[in-house]
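Going line by line, the protein sequences match chains A and B.
Mapping of the first sequence onto this note's numbering: position 170 corresponds to residue 170, and the numbering continues sequentially without gaps.
Mapping of the second sequence onto this note's numbering: position 56 corresponds to residue 56, and the numbering continues sequentially without gaps.
Heads up, some of the hints might be wrong.
To be verified - Covered stretches of chain A, going by a simulated chain B footprint (3 or more residues, C-beta under 8 Å):
(1) 110 to 122
(2) 173 to 186
(3) 226 to 236
By construction, these hints were calculated from the structure, which means they are not laboratory data.
Every residue, glycine too, gets a C-beta built ideally from N, C-alpha and C.
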Amino acid sequence: MFQNNREGLALALPAALFTAILFLLPVGLLLSEAFKIGGQWSLQGYVDFASKPLNQTVFLRTLKLGFLVALTSAIIGYACAFCIVNLDGKNRGRVFGLVVLPLMISPVARTYAWIVILGRTGIVNDAILALGLSDTPIRILFTETAVFLGLLQLFLPLMIISLVSALENLPKDVIPAARVLGASWIQVFTKIILPLTKDGLVMGGTLVFTGSLTAYITPAILGGSKVLMLETLLYQRVNVANDFVSAGIIATILITMSFGANLLLKRIAKARS
Amino acid sequence: MKLLLAMTTALGLVTGAAHAQDKTITISVYSFGMDAMKAAIFDPFEEVCDCEVVVETGNSVERMAKIEANAANPVVDMAVMSSHDALALARKGLLQSMDVSQIPSHADLYESAKDPIGDHLAIGYGFYATSIVYRSDLVEINSWADLLSDELKGRVALPNITGTQGPLTLLMLGKAMGTDEITFSDTIDAVGEHADDIVTFYNRSSELAQLMMQEEVIAAPVGRFAWSRFSGAALPFKWAEPEEGQAGGMNVMLMTKGNGNEELTYQFIDYWLSTEVQTRIAELKLDSPANAKVVVSDEIAESLTYGADLINSLTTLDSGAIIDNRDAWLDRWNEKVVN
Numbered sequence: 001m002f003q004n005n006r007e008g009l010a011l012a013l014p015a016a017l018f019t020a021i022l023f024l025l026p027v028g029l030l031l032s033e034a035f036k037i038g039g040q041w042s043l044q045g046y047v048d049f050a051s052k053p054l055n056q057t058v059f060l061r062t063l064k065l066g067f068l069v070a071l072t073s074a075i076i077g078y079a080c081a082f083c084i085v086n087l088d089g090k091n092r093g094r095v096f097g098l099v100v101l102p103l104m105i106s107p108v109a110r111t112y113a114w115i116v117i118l119g120r121t122g123i124v125n126d127a128i129l130a131l132g133l134s135d136t137p138i139r140i141l142f143t144e145t146a147v148f149l150g151l152l153q154l155f156l157p158l159m160i161i162s163l164v165s166a167l168e169n170l171p172k173d174v175i176p177a178a179r180v181l182g183a184s185w186i187q188v189f190t191k192i193i194l195p196l197t198k199d200g201l202v203m204g205g206t207l208v209f210t211g212s213l214t215a216y217i218t219p220a221i222l223g224g225s226k227v228l229m230l231e232t233l234l235y236q237r238v239n240v241a242n243d244f245v246s247a248g249i250i251a252t253i254l255i256t257m258s259f260g261a262n263l264l265l266k267r268i269a270k271a272r273s
Numbered sequence: 001m002k003l004l005l006a007m008t009t010a011l012g013l014v015t016g017a018a019h020a021q022d023k024t025i026t027i028s029v030y031s032f033g034m035d036a037m038k039a040a041i042f043d044p045f046e047e048v049c050d051c052e053v054v055v056e057t058g059n060s061v062e063r064m065a066k067i068e069a070n071a072a073n074p075v076v077d078m079a080v081m082s083s084h085d086a087l088a089l090a091r092k093g094l095l096q097s098m099d100v101s102q103i104p105s106h107a108d109l110y111e112s113a114k115d116p117i118g119d120h121l122a123i124g125y126g127f128y129a130t131s132i133v134y135r136s137d138l139v140e141i142n143s144w145a146d147l148l149s150d151e152l153k154g155r156v157a158l159p160n161i162t163g164t165q166g167p168l169t170l171l172m173l174g175k176a177m178g179t180d181e182i183t184f185s186d187t188i189d190a191v192g193e194h195a196d197d198i199v200t201f202y203n204r205s206s207e208l209a210q211l212m213m214q215e216e217v218i219a220a221p222v223g224r225f226a227w228s229r230f231s232g233a234a235l236p237f238k239w240a241e242p243e244e245g246q247a248g249g250m251n252v253m254l255m256t257k258g259n260g261n262e263e264l265t266y267q268f269i270d271y272w273l274s275t276e277v278q279t280r281i282a283e284l285k286l287d288s289p290a291n292a293k294v295v296v297s298d299e300i301a302e303s304l305t306y307g308a309d310l311i312n313s314l315t316t317l318d319s320g321a322i323i324d325n326r327d328a329w330l331d332r333w334n335e336k337v338v339n
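Bound-form chain B, shown alone (with noise of 0.2 Å):
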């Protein structure tokens, strides 16, 4: 009797088990702050929805070649990314319109986040700048022609081109030197002619801080969600306005065609995008809020992109101008900068 009873509940535990792996969601996200991000948005879904959220990692070309690979058979329902990374898997069809009719909380966005690529193929949760960090007892900073200066000299560190601050740098630095070709080429002849004078062409944000904090470098592009690094410092920086404006871009979320779990990850992109989670998400200082709704107070605005003047100030980077050229771009820099 007692063998049978513990049959039936190991065999009910089993059960039970796979029914609650039943709903599963599988999402391909960055794995920045991720601790913070499985408290703040991952976990509480899973007791909303009852379900099981998956979460997978990895660099953006990681993420993306997966999706790619698994097109017959989708492994990922939803994934977030840098808004040309998903026009560029929505060219290759492997994106599923959305109907923002299921997802209520889309109504509260930013108008440039409703539909920044198109056929509602991606929808924009976070918004963030792009400026210059400096130390401002060393320095002033006013222009983004500054970085170029013979008062930077061997001081300053410039994202590298194959990530998503290169290109905005370029674009800005363009524009101080009065050319808007997308082709970069002026621009990024004019980094090649400086580049013994600048110290690195750095990959992460994290790299960065390291190379300020260390005094290697005393001026630099960075991306606005990198700012809690810089600010709580003992040196002091700052973060430059400079007369040409801040650049800027926005991450968007996205649903894999076919996935066959299209209700779950509706519920789930209307979670991230309410007011009550972008809230959270904002006060954790995670992301920079895309749902207009949301409110956050001035200690927390400063660190992050916030508010609809700023975000509509910035100078943006046409996602499809990215992947037309990024291919002639690096070539250019290689040729250019790093040879």
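Excised from the complex, chain A in its bound form (with noise of 0.2 Å):
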């Protein structure tokens, strides 16, 4: 495409200085900062960290319900990626919209939303009490049920989109073709969707996974001090405890693991293929 490498490097150069001066350099030091004890490197920050049973529940939190939002986005965002694609034209790009349209919407204002949902006298427990279903209303906010149906209400349109576009390119006449075969629906998913769709799915869970791992607003709001995640108590050990060694190693630890399942989705999907 260029008349020779230079060209290409001179047209990079620019966003990559500026990555690398405004994000790697800042990121890099602040990350150093959690290998170091007494201006010495050590790895003993994150041993001291791991030995708490606190730190250990919320990772092990953390963990889970980004991998619970994750999976739960999958499900559904599949069947709602195969009904878009099934849509005609006019319907699939309104039915589109709908699904993008919360991306528009400031996280704050939706998770506040939940609050109202959610609360004594909110619509689940009005549906929950007329229903019968219990005499008194069930307290969800602040549990991880409410983090969770945040986060997953949150990131499932990123879901959806990447699923969106990687059905459409799967060749129209794949699934019939297995059909007639004599292949059940379960098979056609397994053996014929799932391998063609698995980059998007890939991409999808990592957006949902790393998003759900760094989201802030949701699990601050929703699960408060009673459920606290590995970005909320980042939170706290800076601006309560003004303590950035521990922020630095939960960073690190976030960071970590978002690389972290991102290489471990990729492999799965390279193994199955």
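Using the supplied hints, reconstruct the complex from the two chains, each of which is provided in its own coordinate frame.
Okay, structure coming up:
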């Protein structure tokens, strides 16, 4: 495309410099603090961090919720994406627009809406009482369920968008062909759709999982101080305890988890093909 | 000629601006009610002193970290903090002992506000009481122990231990349980046993107000400074007067060591503590006065922590005890309550 490599490099240089100076360097500096104790390089901070029961609970909870949100959004996402790609042009645009719409609304507003919906006097509890499922309103706010629902609603569109673009590239006749040859719907999904859309799933899964790991507002509002996640713990360490070492350790763990998830999903996708 | 005139005028403007900025005081304050504080204190003071008031805000940890980071060459001349945060800075040698003869209004303060952490390293400028706000149509609160009663199961919120109200709540819960142990171990364990019955541990009074308006929570300890959020609401909220009494605390002013701007700082502190300004602040319900000469109407007093009788009756936590014990409190809290 270019006369020589230099032109390409020259064009990439501003963006590369921008990223290096304003992103990689500060992140590197911040994270390097997490590997130092009293000016000396050390991993002791991680050992101390991992030895505290609260940190273990918070780490496992963050991992668990990230995984559950990614898994649930994949299940719902496939169903939605499948419906969307099977619609005719006009309706497809409309429905797809509805999926994208929440992304244009601030996460704060979307999360606050859940406070009203999940509260004692919210519609969920009204329905539970009306259906006679319970005599008293159920407490959903400030539980893992509330954080799970908030994160799911926040990131599901990203999964649907990824899967829609993957399903659009799926040859139209492979599913009827498989059905004609006697494959069940489960076989069609596992042997045809899943392998052919795995790139979209990996992309969506990474976005949803890393998004859930690093989201702050939703766990802070719907989980509060009772359902601490790594990111709310990070905030607490910085803003309450002025403890930048622990904060750096948490940030390192979060970045490692995000990269790890991406690598793992890519590897699983590769192994299946 | 025209050009020369224009240049001279421009030069005059520049030097004029530079002259006004010659006298500058940098203060570090809570961000709570900033617009009202600016109108009530900072803007009028600028006129009095013919100087510029540069305001820095943020949460306490941030503001303390900034003062510490700039210790060699202080940026902030004067700050307002909780008395224990001030003591923490004092212990690090970051504060200057104040010459109260430079602050005429000092003589008008309540006794407990005059020298709260010793050596005149801080001066109290506002008190707050802490008690329980509750829905009087649904429940009655007579004791701090009621917070953990079966009646309030699943309908009560407590302040987080990381804030100022958290330790005060533990102090009063301990008092109701018959323990005055400053380690709070029995009290934290008791809260831990009831953790599932507590809706949340709130961090900001605005957060609590929302939960109470939404009827998610019907009782919670809160600072009196937040009472106006509840008193004007449509729901019947009441301020409890528990048999163990109310807790309370004080916010203080301090001067950073070696800021080189002492004269103006004394002038500003004196202005803020003056009867005139303290009355104005009280009437706006921004802070409860530490100046004993302030007289306000009953209606205003109702929203504040006002009057010698009330102030002297408050159960307070020693600033030193807070600093010495809070890491241990937090560890136990994390282990027993939120884990």
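Verification of the supplied hints:
By the rule of at least three residues with a Cβ nearer than 8 Å to a Cβ of chain B, the coverage given for the region 110 to 122 of chain A holds, with 5 such residues. Judged by the Cβ-Cβ criterion of 8 Å, the region 173 to 186 of chain A is not covered by chain B as claimed, because only 0 of its residues qualify and three are needed. Check on the region 226 to 236 of chain A: 3 of its residues sit with their Cβ under 8 Å from a Cβ of chain B, so the three-residue criterion for coverage holds.
Of the numbered hints given earlier, the model fails hint 2 alone.
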